[in-house]
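2 protein chains.
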Amino acid sequence: MLNRVRSAVAHLVSSGGAPPPRPKSPDLSNAPSAQPAVPPEAPRSPPARAGSGSSAPAKTVEARASFSRPTFLQLSPGGLRRADDHAGRAVQSPPDTGRRLPWSTGYAEVINAGKSRHNEDQACCEVVYVEGRRSVSGVPREPSRGQGLCFYYWGLFDGHAGGGAAEMASRLLHRHIREQLKDLSCWSSQKEVTHESLVVGAIENAFQFMDEQMARERRGHQVEGGCCALVVVYLLGKVYVANAGDSRAIIVRNGEIIPMSREFTPETERQRLQLLGFLKPELLGGEFTHLEFPRRIQPKELGQRMLYRDQNMTGWAYKKIELEDLRFPLVCGEGKKARVMATIGVTRGLGDHNLKVCSSTLPIKPFLSCFPEVRVYDLTQYEHCPDDVLVLGTDGLWDVTSDCEVAATVDRVLSAYEPNDPSRYTALAQALVLGARGTPRDRGWRLPNNKLGSGDDISVFVIPLGGPGSYS
Amino acid sequence: MLNRVRSAVAHLVSSGGAPPPRPKSPDLSNAPSAQPAVPPEAPRSPPARAGSGSSAPAKTVEARASFSRPTFLQLSPGGLRRADDHAGRAVQSPPDTGRRLPWSTGYAEVINAGKSRHNEDQACCEVVYVEGRRSVSGVPREPSRGQGLCFYYWGLFDGHAGGGAAEMASRLLHRHIREQLKDLSCWSSQKEVTHESLVVGAIENAFQFMDEQMARERRGHQVEGGCCALVVVYLLGKVYVANAGDSRAIIVRNGEIIPMSREFTPETERQRLQLLGFLKPELLGGEFTHLEFPRRIQPKELGQRMLYRDQNMTGWAYKKIELEDLRFPLVCGEGKKARVMATIGVTRGLGDHNLKVCSSTLPIKPFLSCFPEVRVYDLTQYEHCPDDVLVLGTDGLWDVTSDCEVAATVDRVLSAYEPNDPSRYTALAQALVLGARGTPRDRGWRLPNNKLGSGDDISVFVIPLGGPGSYS
Chain A
1 MLNRVRSAVA HLVSSGGAPP PRPKSPDLSN APSAQPAVPP EAPRSPPARA
51 GSGSSAPAKT VEARASFSRP TFLQLSPGGL RRADDHAGRA VQSPPDTGRR
101 LPWSTGYAEV INAGKSRHNE DQACCEVVYV EGRRSVSGVP REPSRGQGLC
151 FYYWGLFDGH AGGGAAEMAS RLLHRHIREQ LKDLSCWSSQ KEVTHESLVV
201 GAIENAFQFM DEQMARERRG HQVEGGCCAL VVVYLLGKVY VANAGDSRAI
251 IVRNGEIIPM SREFTPETER QRLQLLGFLK PELLGGEFTH LEFPRRIQPK
301 ELGQRMLYRD QNMTGWAYKK IELEDLRFPL VCGEGKKARV MATIGVTRGL
351 GDHNLKVCSS TLPIKPFLSC FPEVRVYDLT QYEHCPDDVL VLGTDGLWDV
401 TSDCEVAATV DRVLSAYEPN DPSRYTALAQ ALVLGARGTP RDRGWRLPNN
451 KLGSGDDISV FVIPLGGPGS YS
Chain B
1 MLNRVRSAVA HLVSSGGAPP PRPKSPDLSN APSAQPAVPP EAPRSPPARA
51 GSGSSAPAKT VEARASFSRP TFLQLSPGGL RRADDHAGRA VQSPPDTGRR
101 LPWSTGYAEV INAGKSRHNE DQACCEVVYV EGRRSVSGVP REPSRGQGLC
151 FYYWGLFDGH AGGGAAEMAS RLLHRHIREQ LKDLSCWSSQ KEVTHESLVV
201 GAIENAFQFM DEQMARERRG HQVEGGCCAL VVVYLLGKVY VANAGDSRAI
251 IVRNGEIIPM SREFTPETER QRLQLLGFLK PELLGGEFTH LEFPRRIQPK
301 ELGQRMLYRD QNMTGWAYKK IELEDLRFPL VCGEGKKARV MATIGVTRGL
351 GDHNLKVCSS TLPIKPFLSC FPEVRVYDLT QYEHCPDDVL VLGTDGLWDV
401 TSDCEVAATV DRVLSAYEPN DPSRYTALAQ ALVLGARGTP RDRGWRLPNN
451 KLGSGDDISV FVIPLGGPGS YS
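Residue numbers (full-length UniProt numbering), protein chains in the order written: chain A, 1 to 472; chain B, 1 to 472.
For the record, the hints were derived by calculation from the structure and aren't laboratory data.
Every clue listed holds true.
Since the list gives no way to pick one copy over another, a pair counts as held whenever it fits inside one copy or between any two copies.
BS3-like cross-link-like pairs, simulated, lysine-lysine; straight-line CA separation at most 25 Å: (1) 320 with 182; (2) 115 with 365; (3) 320 with 280; (4) 336 with 451; (5) 182 with 319; (6) 320 with 300; (7) 365 with 280.
Extracted from the complex, chain A is given alone in its bound form:
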């Protein structure tokens, strides 16, 4: 993800003058939660104790950033060093010994090829117990009444401009979701408000509260950068896939591909970004135009007719070039090179509260949304077999692997294992990561077809949707 933020690290302003956000969200990191997640989390690497990174050059800020890998990898100090080795790029998975991840979930990851000091992806997999909140009418519910419920949780966090935001989100987002889900116990059926829409709303709000907490704590805890977040919640028969960023989730079911997310980039969110720039021109700082043109306009073209499109248009039309059309476009570039304000290539996620336009104090955060799109998949509507899986991957996987290629790998790897062998999902995750990383050859990491493999951090969850060893 690092190269999706142009020079972002160099422009982090940790002592910025932005007003503190309203203290709306529960402060989960400072106040110990009354109801810990179950099973209780093993200790993670502590947050970095770095001092203020103000005005520090990029290298320095990065070196100070925290470095940790997911707890469930159970890495020894030696293992941690190997996971951090850009030259070897060894694929990491939870050990075969010891307790498996819930549902026999498979996981694998690999560090980038040197684009950032550490692996800025993070991951989390938990079973979380939700205690019911006191009811709306004010009558407290006693814990002994068994009003609580459990949800299963998987999260992938793809950091950029530092690993702090991804690390914090991997540690806390599921707690925010738990906090929001406490309201479920107060719910009684109302018109048009379904149980499902309450879970969706809880996840949406949890993302917002997580983002607000990052804004509050960015100085004290060195929450540098930002991160994409792709999260799965399983609750009462339904799988909720929440995505904010450019990670991706697909279900492969009986060979069929079911997309469970879409990517949020300057291209896919062009109209949302342009609308905001149009309605709040002050956010463009006189430096950018909300209009899009097929190419940069030259001053000598003033008064000529040029193709453009605005926040209302999906097609192109002509306009006469005016002076303010010479400004830099809010959205420019194509594909992986598309950028908001020439800086960031992803338009949803958590953090980035300090991100500024290069050589400017213009904040980019107003254009970034912390809200995920949530898709719901009803597990009970279909009889799933052990080969049906939900695959989550950061863009390191998807940049070089199509949905169809993933489905083919699912078929190839799982058919090589007994259906009841719980290690098959880890083997599949490893195969997907290896297939995207490639092997060192011709001064680079290359795929069998000799194209370049992904030099990005790559992280993959494979969640089985049916069969032995899964949920019950």
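Chain B: place on chain A using the hints.
This is chain B only, laid out in the frame that chain A set:
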């Protein structure tokens, strides 16, 4: 459509204080076009010569409104009276004698059951010739070079709070499209700008220019009310379906239903409306809240927890009720009763520049979008048979008829005619209108299942996509 605008007519303020819009669009009605549509339009009923409707009660304004039916119906004065008869509700179609509509298009319409004085739907069907514009570099193109092109055009316009906007749009929108398409002749292939995206952009801009013209001429020409617009353009092998409002287009192909539009209502556009109210709170005038609640909040509930959703959410979550949550919600009601600012039930279309919130000077227009969603269907990608049709209908049809019922009627009616009988499409349009209107029984218009038929204006185009007698 009338009942989708609550008391709107009574609050038309034709002498309002809104600033004149920028003179951006070509003024098509006042300046005779250098290149008339081909074939030249037969004379339509002139626009109403009514005086200012300011402060006039609803009845008076309506009585003054223009009354005309589509030219291609070729109605005699007696026929016009029958078409205007709420008691008989005779179905109108073009006469069997004389020139058929292009492609042997079928058309039928019926007036409402008394909800408004006249039929506020309008329709247009034309073949339009587009002369090339002078090239971008300033070198004029001579007409004799044959740089022009033809497009086929169908439009349905469902008026509300008066018939003026629909009448004006039916008379002029295709001219705006022609004006925009002149730029096509300057086009040479550029990255990511396809020919198709230029046609889409031309249609999008034409809607905007039509709307701006209505704003400019609302005093002089008594353009009262507004209208939904559903438009089809056929150009160079592709069918462009542009929809702004709650009319609907579907293709029925070999019995399969292909949706070609979606409806824009306070429910489907909730998040867009809420975002605008959030970013521009002055548009809510201190009277409305941009938040949605499952029900109206009572003052005694202040401080309690209540479900809500905002512009970012698709799910519901809880918040503590504050004073401003007691305001009336920007979007309220469900289904056909959903309203923006308690007034209008459709969120895209043309006109409505004078529409105010009931008993208030708060304008509603800022929340309405004149931009259509344009879907493209490539006619060359499939071998169409004479039974494959594109069906356009105003909400009078779709309120009581499902897509599947329309597909069944397509099959039933067309199979009763020879495939090369060009009258079969008119028979189909009539059957659809009759099926939605019903017959007078038990003090109302009733369907065979005894449910109420549509008391609204109903208009239907049936456009054959293949077979004899169609385009070439």
